[in-house]
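Trainee: Sequence:
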Amino acid sequence: MNNPAVKEQVLEIVQEVARDQGYMIYEAKMLPRGPNTRIIIKLDSLKSISLSDCEAFTKEFTVRLDASGVLPNYSTEVSSPGINREVRSIDEFRRFQGSPVKAVFHEEQGAHIFFKGRIDSVEGDTIILKDEREALAVEFRAIKSAHLEF
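To get the numbering used here, take the position in the sequence shown, counting from 1, and add 244.
Derived from the structure by calculation, the hints contain no laboratory data.
There may be inaccurate statements among the hints.
Said to hold, decoys possible - With a straight-line Cα cutoff of 30 Å, these simulated DSSO-like cross-link-like pairs (lysine-lysine) come out:
#, residue 1, residue 2
1, K273, K291
2, K251, K360
3, K273, K303
4, K374, K388
5, K360, K291
6, K346, K273
7, K374, K286
8, K360, K374
9, K303, K291
10, K388, K286
11, K251, K291
12, K273, K286
13, K273, K251
14, K251, K286
15, K388, K251
16, K360, K346
17, K346, K303
18, K360, K303
19, K273, K388
20, K346, K374
21, K303, K388
22, K286, K346
23, K303, K374
24, K374, K291
25, K303, K286
26, K360, K388
Let the sequences and hints guide you as you build the complete structure.
Mentor: Given below as structure tokens:
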């Protein structure tokens with residue numbers, strides 16, 4: 245299903261169910277597979293996401309999507325972002341202060357730096373990363389990728 249209006253309606257239902265159940269959406273995407281569409285949803289929360297959370301979300305989402313009639317043939321996959329999730333925003337860096345992280349960022353000269361340590365703090369748009377030897381101040385815009393590393 246490559247219809248943008250259908251995609252918008254489905255993702256709106258995803259957001260409504262998440263809001264009603266107290267979750268944030270880390271990721272939601274639709275993958276057309278012939279006559280079927282695979283809907284992948286990753287739930288986020290300030291607490292951990294359990295299997296029963298995923299089941300409850302799936303049940304309510306399915307009820308609402310079926311009632312809308314917007315997408316007749318689909319399958320859903322609902323999960324958490326996982327333990328080694330990508331850290332994608334300054335707010336997520338704040339949320340995971342003290343957590344182990346693996347990051348790749350650009351130096352001003354264009355070189356890539358690979359860092360493994362902890363998220364120490366966030367000061368404005370600057371992320372402070374620490375390992376056993378040093379603390380690095382990295383502008384958020386310079387970070388190419390960062391993943392929690394538990």
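Trainee: Next step is simple, just say for each hint if it's right about the structure.
Mentor: Hint check results:
no.	hint	result
1	K273 / K291	23 Å, holds
2	K251 / K360	38 Å, violated
3	K273 / K303	18 Å, holds
4	K374 / K388	17 Å, holds
5	K360 / K291	25 Å, holds
6	K346 / K273	25 Å, holds
7	K374 / K286	29 Å, holds
8	K360 / K374	8 Å, holds
9	K303 / K291	20 Å, holds
10	K388 / K286	22 Å, holds
11	K251 / K291	29 Å, holds
12	K273 / K286	9 Å, holds
13	K273 / K251	9 Å, holds
14	K251 / K286	16 Å, holds
15	K388 / K251	29 Å, holds
16	K360 / K346	4 Å, holds
17	K346 / K303	35 Å, violated
18	K360 / K303	39 Å, violated
19	K273 / K388	22 Å, holds
20	K346 / K374	11 Å, holds
21	K303 / K388	36 Å, violated
22	K286 / K346	21 Å, holds
23	K303 / K374	42 Å, violated
24	K374 / K291	25 Å, holds
25	K303 / K286	15 Å, holds
26	K360 / K388	14 Å, holds
Consistency note: the structure conflicts with the earlier hints numbered 2, 17, 18, 21 and 23.
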